[in-house]
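**Student:** For any residue, its number in my numbering is found by taking its place in the sequence shown, counting from 1, and adding 90.
Just so you know, these hints were derived from the structure itself, not from any lab.
In this text the structure is predicted, and so the values were computed from the model without any measurement.
We put the CB at the ideal spot given by N, CA and C, even for glycine.
One thing to keep in mind: the hints can contain errors.
[To be verified] FRET-style restraints, in silico, Cβ to Cβ: (1) G205 / L256: 48 to 58 Å; (2) T346 / G205: 30 to 40 Å; (3) A252 / P334: 11 to 21 Å; (4) A252 / A203: 34 to 44 Å; (5) T346 / A252: 14 to 24 Å; (6) A322 / L256: 29 to 39 Å; (7) P348 / D304: 23 to 33 Å.
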Amino acid sequence: MRVSAWWRGISPRRRLLVTLVAAVAVAGLLAGALAAGRGGAPAGSGRPAQDDPGPVLLVPGYGGAQDALARLADRIRQATGRETEVLTLPDGGTGDLLAQVAVLDAAAARARARGAPSVDVIGYSAGGVVAAWWAGQGGGEHQARRLVTLGAPLHGTQLAAAAAVLDPAACPAACRQLAPGSALLRQLQAYPVPAGLPWLSVWTERDEVVVPPDSARIDGAVNVPLQAVCPADPAAHGDLPTDPQVTAFVLRALGTAPLTAPAGCG
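Kindly produce the complete structure, drawing on both the sequences and the hints.
**Tutor:** Listed below in structure tokens is the structure:
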């Protein structure tokens with residue numbers, strides 16, 4: 091009765107203010123409860139536990155082809171029993187890379203909504219640039235347990251630069267963004283690898299798509315030129331997702347042991 095009388099006695103404007111404050115408080119409590127129910131930290135803070143792997147998200151390269159990554163995804167499922175998803179990229183995988191970042195972020199959010207504590211992300215070729223951007227600037231560092239990039243032009247590729255000059259009409263948004271010195275790559279390189287994020291970057295020295303091949307090297311990651319470990323491995327750029335030795339590196343990287351460079355081939 092006292093509360094009811096007090097409520098009737100305050101002005102309509104004061105009632106509105108009290109209602110809004112209460113709504114904000116309830117929303118905050120619900121958000122905290124949902125985060126706790128997922129078993130992980132909220133998406134905007136913290137680092138995922140390394141001993142509790144979640145699903146694996148695979149980001150295709152330029153053009154969005156899924157076949158090779160689907161084979162890698164199947165191998166991961168068979169070896170680990172973990173859920174895997176090869177993302178479908180907008181605009182045929184040749185449009186704005188930031189739109190692809192949004193697709194990856196949405197996939198991670200769906201996984202967490204289903205109860206996953208975190209995700210592991212594998213980015214192939216241009217998909218590695220997408221994964222790196224998401225991890226460094228898109229909030230992914232709080233959702234990704236581990237990151238693997240395969241033949242990723244993290245500093246661009248001269249092939250894209252040549253295409254942009256020789257035939258601009260045939261070089262859509264993603265192509266232009268993959269040219270060395272593009273605004274997107276300058277921003278990407280301005281941010282270091284997020285502290286505490288285990289990141290494996292593998293590339294082949296026989297790459298004729300990412301030129302130079304060591305564009306895939308990034309400070310703070312475990313950098314592995316394939317032929318430095320396996321000199322006789324003939325894998326070129328398109329072979330990376332299905333090369334047996336690279337697959338072995340990936341499976342090891344997706345484990346729970348500390349991420350280190352492979353000691354040898356085989």
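**Student:** Next, verify each hint and record whether it holds.
**Tutor:** Hint check:
| no. | hint | result |
| --- | --- | --- |
| 1 | G205 / L256: 48 to 58 Å | holds, 49 Å |
| 2 | T346 / G205: 30 to 40 Å | violated, 19 Å |
| 3 | A252 / P334: 11 to 21 Å | violated, 32 Å |
| 4 | A252 / A203: 34 to 44 Å | holds, 43 Å |
| 5 | T346 / A252: 14 to 24 Å | violated, 43 Å |
| 6 | A322 / L256: 29 to 39 Å | holds, 35 Å |
| 7 | P348 / D304: 23 to 33 Å | holds, 24 Å |
Checked against the numbered hints given earlier, this structure breaks hints 2, 3, 5; the rest are met.
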